[in-house]
Amino acid sequence: MENNRRNFLKFAGVTVLGLGSLSLLDGLTSDDVIASAGQTSAEEIYKKGANALTAKRWGMVVDTRIITAAICRKMENACHQTHNVPDHANKRHEIKWIWDTEYKHAFPEKTDLFLAERFEHLPIPVFCNHCANPPCVQACPTQATFQRADGLVLMDFHRCIGCRFCMAACPYGSRSFNFRDPREAIKNENPEFPTRMKGVVEKCNFCAERLAVGKEPACVEASDGALIFGDLEDPQSEIRKLLKENYAIRRKQNLGTNPSVYYIV
Amino acid sequence: MLDKALKGSKSYWIWIFVLLGVIGTGFTFYLKQLDFGLGITGMSRDVTWGFYIAQFTFLVGVAASAVMLVIPYYLHNYKAFGRIMIMGEFLAISSMIMCILFIIADLGQPMRLLNVLLYPTPHSMLFWDMIVLSGYLLINLVVSWNVLDAERNSVPPAKWLKPIIYLSVPWAISIHTVTAYLYCGLPGRGFWLTAILAPRFLASAFAGGPAFLILLCLIVRRVTNFDPGREQIQSLSKVVVYGSIANMFFFLCEVFVAMYSQIPEHLDHLQYLFFGLHGHGVLVPWMWTAMALIVSGIILLLIPAARKNEAVLAVACAFTFIGIWIDKGMGMVAGGFVPNPLHEVNEYFPTFPEVMIAVAVYGTGFLILTILYKVFVGVKEELAA
Ligand code: SF4
Ligand code: SF4
Ligand code: SF4
Numbered sequence: 049m050e051n052n053r054r055n056f057l058k059f060a061g062v063t064v065l066g067l068g069s070l071s072l073l074d075g076l077t078s079d080d081v082i083a084s085a086g087q088t089s090a091e092e093i094y095k096k097g098a099n100a101l102t103a104k105r106w107g108m109v110v111d112t113r114i115i116t117a118a119i120c121r122k123m124e125n126a127c128h129q130t131h132n133v134p135d136h137a138n139k140r141h142e143i144k145w146i147w148d149t150e151y152k153h154a155f156p157e158k159t160d161l162f163l164a165e166r167f168e169h170l171p172i173p174v175f176c177n178h179c180a181n182p183p184c185v186q187a188c189p190t191q192a193t194f195q196r197a198d199g200l201v202l203m204d205f206h207r208c209i210g211c212r213f214c215m216a217a218c219p220y221g222s223r224s225f226n227f228r229d230p231r232e233a234i235k236n237e238n239p240e241f242p243t244r245m246k247g248v249v250e251k252c253n254f255c256a257e258r259l260a261v262g263k264e265p266a267c268v269e270a271s272d273g274a275l276i277f278g279d280l281e282d283p284q285s286e287i288r289k290l291l292k293e294n295y296a297i298r299r300k301q302n303l304g305t306n307p308s309v310y311y312i313v
Numbered sequence: 003m004l005d006k007a008l009k010g011s012k013s014y015w016i017w018i019f020v021l022l023g024v025i026g027t028g029f030t031f032y033l034k035q036l037d038f039g040l041g042i043t044g045m046s047r048d049v050t051w052g053f054y055i056a057q058f059t060f061l062v063g064v065a066a067s068a069v070m071l072v073i074p075y076y077l078h079n080y081k082a083f084g085r086i087m088i089m090g091e092f093l094a095i096s097s098m099i100m101c102i103l104f105i106i107a108d109l110g111q112p113m114r115l116l117n118v119l120l121y122p123t124p125h126s127m128l129f130w131d132m133i134v135l136s137g138y139l140l141i142n143l144v145v146s147w148n149v150l151d152a153e154r155n156s157v158p159p160a161k162w163l164k165p166i167i168y169l170s171v172p173w174a175i176s177i178h179t180v181t182a183y184l185y186c187g188l189p190g191r192g193f194w195l196t197a198i199l200a201p202r203f204l205a206s207a208f209a210g211g212p213a214f215l216i217l218l219c220l221i222v223r224r225v226t227n228f229d230p231g232r233e234q235i236q237s238l239s240k241v242v243v244y245g246s247i248a249n250m251f252f253f254l255c256e257v258f259v260a261m262y263s264q265i266p267e268h269l270d271h272l273q274y275l276f277f278g279l280h281g282h283g284v285l286v287p288w289m290w291t292a293m294a295l296i297v298s299g300i301i302l303l304l305i306p307a308a309r310k311n312e313a314v315l316a317v318a319c320a321f322t323f324i325g326i327w328i329d330k331g332m333g334m335v336a337g338g339f340v341p342n343p344l345h346e347v348n349e350y351f352p353t354f355p356e357v358m359i360a361v362a363v364y365g366t367g368f369l370i371l372t373i374l375y376k377v378f379v380g381v382k383e384e385l386a387a
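Residue numbers (my numbering), protein chains in the order written: chain V, 49 to 313; chain W, 3 to 387.
Bound-form chain W, shown alone:
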């Protein structure tokens, strides 16, 4: 089926080469990082994880959100989602690959990555994260590829796929839960030390992921002959708004606990993010922007007339996606490290090379996504013909 990605229009190939160019440019920065070390990033002794790990965390959420199609379709027999199921799974696959690349980009000694498997360490959450993430990638590859192949041959998907699909539901939950456990089990980091971190990760994932999928559906409709469907898009928009509201609710619960209890270890980080601490506050404008975007997204999505207008819907989804990206991608990680365990404020902001490397990883993800979607649309067009 992959051969379908080799036949495309001129604009398809331009897009592919643009992506390759982006990847190539970013890769030169990565070579520089390999040579010099992670010192070319904005990270420091106090903020030891930054942009890369933040993107990783965010993308695990995007990957997990495929479950928001699987549950209605396979567990509630909501047939409409069958049409875009594979789009969700392909998005999950490319997100997982980006996650792996971000982890590699973040390692000080990437060549030793396999040490995690050579010396398996069950008391480390990172070990479990590696297991659930690779498992999830594998599940999605097997399921999406086989379902699409069956569709192409106009036969029902093989029976052995069913249990794997059911397994993918708890598995999707597990990848984001274990990713939250990386953070929320650390004794000295008050910002992350909250049982609601995993639920909140999931809620924001179920808003951000489907919001992005809606945008992808709108793009696919515009640039190909395949229409993902109005009903599908409208149903997804309801998932987005439920997820986004749950995310804000969990966030407000956190804010209440920190503000009402006034325990400094918990309060200081929130204060740093939203108001600045001891005169430091590079993230303050970012955090308020994120909140404004998320809240406006919710308002737009809640109004039926607005939601049903696809132009407005696109804006609302972009707001939601970007807002969650800032909150989870910048605030969540850096916010946990400032102030540091000695209660000193040393701030973090990504450097240009760091951002370029991240852009290259996104470029790779989009390249994979483009190829997969090309195959998917190709199969659909073939069937329609």
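Bound-form chain V, shown alone:
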């Protein structure tokens, strides 16, 4: 019995040592960790300045009547440039925060055999919906993906363990994973926004870092009026007025995620 207990303690010791060395490795390896001690934790990136834009619940309206392929390109470039989104040649490693797709892919449950002609090949911009009831936040085991009081679903790149549970949970394919070092594939680095490291997930953040300094999202600025950003809870806001006057749909509404992005059709 004695012997036995000793063996067991030995085992427990080895286990603890093993786990301990994991965190030691953590300290020794990547520059990422050093960076996390410094300036780029989620709180730091999104710290609100004096002129920060605020809302009860941020939302977006996409006016598909204005959208063109050229506008989509502009928005995508604006977002990906602002956020240092890498451009990998291999499609499997692809990272995208905003992109455009056909109606039948954006709204697979609403496709129709006899769809209005305009929608057949209309590019529909898609990005994170900042769901009010986000399955990605529910799934994340480390709270690296979290929801802020103003509805934004954000990420802490330094806490993410890269399990990709959030990607399985997101019903919109809004998330990307860094299958390799993104820094090699960024052409013009924007020093205002942190680059990521390999092995973490990322997605559209509704430009929380720009809102914090009083700027509208980059894609909205580049959209020639096709994207309208505002407070969904404020009846006087521009997006609420638009939603009152126009018929709008949301992606996979039936799933109960309560997306904050509306599409006027």
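The hints are simulated quantities; they were obtained by calculation from the structure and are not laboratory data. Since the structure is predicted, the reported quantities are computational estimates derived from the model, not experimental observations.
Here are the simulated SDA-like cross-link-like pairs (lysine to any residue), alpha carbons at most 20 Å apart as the crow flies: (1) K9/W to K376/W; (2) K158/V to L344/W; (3) K152/V to A296/V; (4) K139/V to H282/W; (5) K9/W to E384/W; (6) K6/W to A387/W; (7) K34/W to R140/V; (8) K152/V to L279/W.
Since chain V is already given, all that's left is putting chain W with the ligands on it; use the hints.
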């Protein structure tokens, strides 16, 4: 007791070194993955879990299946299983360790694994999975080691073990249930969004795990002086066939619901797996092979004369094990991701480095299993002498 693993025949040591070689080779690929990132695997933005998580899911089942020995022996007083009980528990231990290694292999930032404990998040099923899995590993270590030690000293196992053994029954069920909950609670994944996922996981586990244990018993009988026993093996074969039939029944229930309701979100994945979708179907031959193996396994096991012939039994068990491995290890995970949430078809197939890393994890599991079984057989031989 561990010293028993240090004395062995020449073939024992050859086997150990072969395993070490396999582990070493695979580990070099893992170092490459650490350096480059998970981009060396076949996974993509659309299929974000692949071979590693599939093996993890499969092995949780193998681990849970130890309960198929515990229940008859401890709850129904079926004494015959006492002889091989520890073999089942040791199999569970090595499977659990493989599960943990597969999780680590799958993480983008493995050094941050402890964040799961540093920021406990009860609304995440992964958090619960980590708790039940480590608990199950601990339970099996404590129970098997103490029971074996008592056996060696020819004394009955300590009384305090009883409640822990009883606890291991619901705990075994819980590990595979929580593992199913990782998948079946996700709103946008129609293939997994079924209440029968956890029961089906358990049924396939109770077929695959004992099938593997039978093969292990046959190997142990051949290479050592310890005979796990004919009756034991025959009883296990009945567990396998019950489990395998239940698994197929649950599967057919799923097929019925998807095909009869014709709801695309549910139907598309099955169609992809078995017939291909929009011209894509790398998994089609695999899925039909799996089904053929599982069904032939059931037929062989159902015929008493076939089942009682141990050569045929071995074949039937291998069929069952491999069939379930393909179905759960390839189809279940990849099938859930194709088509993707935007209804685009981007396929997945593991790459060579990915498979090598998985082989290394299996090598580690087999090494641990070999050492544990060596100790077990050593104790048995000592007692017989
Ligand atoms: S769209 Fe996806 S990533 Fe964005 S909040 Fe909803 S579930 Fe999360
Ligand atoms: S990949 Fe990162 S953000 Fe996503 S669930 Fe895992 S820890 Fe959370
Ligand atoms: S809101 Fe910001 S982060 Fe999101 S798509 Fe637009 S530019 Fe990109």
